[in-house]
Amino acid sequence: MDGVPAQRRPGGAGEPVTLRFGVLGPVRAWRGGEPLATGSPQQRALLAALLLREGRTATAAQLIDALWGEEPPSRALAAVRTYASRLRKALDPDVLVSESGGYAIRSVGDGALDLAVAQDLAAEAEKARGAGDLGRARESLARALDQWDGEALAGVPGPYADAQRVRLEEWRLQLLESRLDMDLEQGCHAEAVSELTALTAAHPLRERLRELLMLALYRSGRQAEALAVYADTRRLLADELGVDPRAGLRELQQRILAADPGLAEPSAPAAEPPAALVRPAQLPATVPDFTGRASFVAELSEVLASAGGRVMAVSALAGIGGVGKTTLAVHVAHQARSAFPDGQLYVDLQGAGSRAAEPETVLGSFLRALGTPDAAIPDSLEERAALYRSMLDGRRVLVLLDNARDAAQVRPLLPGTDGCAALVTSRARMVDLAGAHLIDLDVMSPDEALSLFTKIVGEERVAAEREAALDVVAACGFLPLAIRIAASRLAARRTWTVSVLAAKLGDERRRLDELQAGDLAVKATFELGYGQLEPAQARAFRLLGLAEGPDISLAGAAAVLNLAAEDAEDLLESLVDMSLLESAAPGRYRFHDLVRLYARACAERDEHPPSEREAAMSRLLDFYLATAAGVYAMERPGDRLVDHLEVTKYPGLSFSDRHAAQDWLYAEAGALLSCVRRSVGDGRLRRAVDLLWAAKDLAESGANAREYEIAANAALERAHAARDAWAAGRALTTLTDVHMVAGRFDQADAAAVEALRMARDAADPVASCWAPNTRGIIAIYQNRHAEGELHLNAAIDNFRANGNRPGEASALCNLSRIHLATGRVDSAIALAQQGIDIYDGMGNALRGANGRYALGLALTRSGELRLAAESLREALETFRDSRQRLWEGMTLFRLAEVDLAARRPAKAASNAEMALTVLRGIGGEWRRGLVLTVLGRALNGIGQTGRAQVCWREALGIYEDLDAPEADEVRGLLTPAAVA
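Throughout the sequence shown, residue numbering follows our numbering, covering 85 to 1064 in sequence.
No wet-lab data here; the hints were simulated from the structure. Incorrect hints may appear among the rest.
[Stated by the list, open to error] Under the rule of at most 20 Å between Cα atoms (straight-line distance), these lysine to aspartate or glutamate pairs were calculated in the EDC-like manner: (1) K780 x E698; (2) K607 x E730; (3) K780 x E719; (4) K607 x D597; (5) K991 x E551; (6) K539 x E551; (7) K733 x D690; (8) K588 x D635; (9) K211 x E269; (10) K991 x E958; (11) K588 x E618; (12) K173 x E208; (13) K539 x D524; (14) K780 x E551.
Modelling step: build the complete structure from the supplied sequences, incorporating the hints.
Right, here's the structure in full:
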């Protein structure tokens, strides 16, 4: 098709077509990828009328009426024939046909008309929604809406086109309302507010959009604004139409006023466990306090229920010791007994111990249970297995093989005929057990864990100390065995409170010792698995337990073990197969919390020489620092920081592009910051502090600001204790960034002052440059412009002396904002442009976006609104691409200011709403107040005055709490004269 893919109807049906037509926008035609000339507006009107008849013939009279209505020109018929002739030449000969005194468009194939594609997608969406698949329904609706390219039949004259435009626009809005309704059903209420705000501004009398906006605001925690929308709607309908809101909108208002729980964010109902079935056999007794696991019970029950139609139903459960594999398998087996009327067999294969049960011994026991006399039981494994399968032929028997060592032990014990089923539990994942339905059993959810604890301890004691009970089950890592032990200890000690037990389990070094009761012990359970490891596996298990963090990457683990990635992966996957390690995602691994404590205890007990523990953690820190420094250098070409970092011995990763580098940094955030916290106390302070600085994007983006701040405070505390001014100055520099991102400007300034003092004492050239630059930025926020100008000029001199061109550009862009705030608009523009030129010359896209942000502010003040918007949109694209949420949100806020200045209040409201969504949880309250103020102005501009007042009152409350000068401006906005 002339080099472009052939189009098909959604779902893959239909033959390829060479012609495509568009009516959901300008009326257009393409052959392959090449646009065709469709002629004058009247000629396009004729083409549109024929396309919208979907292959049916339109008479000449109908076409004349469509193009000119009741007053056609004298030569209307001749004109229609001329237009048809021209279109026939432009299209394929057999496409526009003449018949019965009229015309029709035929033979264009499926999917050739954008309207038909949209109709098919809308039908797909309706079908998917009816089946409960909201995700697919929403995707289909979004694709349907994507078929529009502006106004339908744009620029096409005639009464027929006018009527069809109205019809298609109404249909588009209905599709949009349906898609937004699905957004809210899927919990995307905060994201929907921005779009709904813009739509209600464009279609102020459309009550369904107002209803969706009220619901989205209410679910976003903005009840007052939701009620203000109703008040604005009621006033508008009364003024414009003299009517009240429809019943549905009034009912929603009443439900919001009553805080109706039914309006809360929808959530999927929990699956109900299948009804228990009772029939005794060889199965052990199920525990009376079995709790949770509803999805696993349902899944296993479904597999067992299918045994009648399969050769054999086999389910293999794997998981760490104490996770509840046996309890779950026995529970499910009891429920399924009625489906296996010929009996249930059970054996503990003792696979976790040093002497696993032999298959021939187990087969002898099974044969006896099935009625075989001892004299008839053969000696060899093969003969016993054959007789076993023969005895089961034609029967319906469930076999529970508990605590298996591996697949080789299990295979001879499996039934071989349909109607039978087997449940297998093991610490090893039975990937080599052909045809098995594999299940990896994880720990309990917090609710399940608390429920189990409550069943054992008693409702009254737990209800009195619920928070302490939650601490206990969390300390148990939600591991069922650990919870059962802890609860049993508490139940046996009536003088203990739940808080006493929580305190005992709060000491990590004693936690495993506390988790034992009678013949139950978590440590003993883990010992069984550890004792089966080969030396290399045991070493990997011990050393990986030393690493902090939620998980560890394969590359990080290879650094800990000092192995090539391929060799490390073999060891890690073997630990996963033995359920001592979990595969969190491809290439990422994690320990259960209690297994980590056990692995760490093993490292302290068994790792010789002890210096190997220190060396392993040193290699991991080197790996993170070397890699983060490479990411920093890629994001900030020319920045001299990388030349002043501590030297590393172990290499890091390298990346082909900055997106891959960003992916690594954000994926490693939790593990990296945990490594910093552990390293500051283990003699690796300076490298740990440098890692914080090299990973500063984690703080600036806002994504990991809290964890970053904790690590920075830990580093500062250790630096003060060690009297290390160099490390303290750098730690304070990172903390300054954290405080600025959070909007804590007084704390940021105090940290910057101390950072500069420490940097000078230690003669640290990097911190000495950045501290005055930071103080200048803080002065901008606090309106201390003269002081800020002094700091920034000093920073420029320092950066130039250090040869740090990106630093110089940063200070120039910040100085631009000082000039702007003091009325020097022309020099503000020039300074920002100087900074941008430096950044662009070095290929520094991210910091170049900061320069364009500053330039956009200056151009806005100068009245060059088009250029300002272009600069800000360019910055916005880079910030989004670099995952800088704080700067993305603030740039949207600045674009809203430009829109207000350009008298585009609806667009301003949309951008301000998006800014609020992006800045949720980051940026601090002061920045939120700025955005709310602008949002109120925009809403006031589109007639939503009630909602505007809600925004301004919230902003005023923020400013008054902060004692911020912006409060005076907002008070002025809240006066009746300002609103009017």
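Against the structure, the hints come out as follows:
For the given pair, K780 sits about 26 Å from E698 by alpha-carbon distance, which is inconsistent with the 20 Å threshold. This hinted pair does not check out: K607 and E730 have alpha carbons roughly 40 Å apart, beyond 20 Å. Distance restraint check for K780 and E719: the Cα-Cα separation of roughly 11 Å lies within the 20 Å cut-off, and the hinted pair is therefore satisfied. Restraint check: the Cα-Cα separation between K607 and D597 comes to about 7 Å, which is no more than 20 Å; the hinted pair holds.
As the CA atoms of K991 and E551 are separated by approximately 46 Å, the hinted pair breaks the 20 Å bound. Our distance criterion of 20 Å between C-alpha atoms is met by K539 and E551, whose separation comes to about 16 Å. A distance of roughly 26 Å separates the Cα atoms of K733 and D690; the hinted pair therefore is violated under the 20 Å criterion. At most 20 Å may separate the alpha-carbon atoms for a hinted pair to count; K588 and D635 exceed this at roughly 26 Å.
Straight-line distance between C-alpha atoms of K211 and E269 comes to about 17 Å, which keeps the hinted pair within the 20 Å bound. For the proposed pair K991 and E958, the alpha carbon gap of about 17 Å is at most 20 Å, so the pair holds. Restraint check for K588 and E618: not satisfied, since their Cα atoms lie roughly 34 Å apart, outside the 20 Å limit. Between K173 and E208 the alpha-carbon distance is near 36 Å, which puts this suggested pair outside the 20 Å criterion.
For the hint linking K539 to D524, the alpha-carbon distance of about 25 Å lies beyond 20 Å, and the restraint is violated. Annotation: proposed proximity of K780 to E551 is violated, straight-line Cα distance about 35 Å (limit 20 Å).
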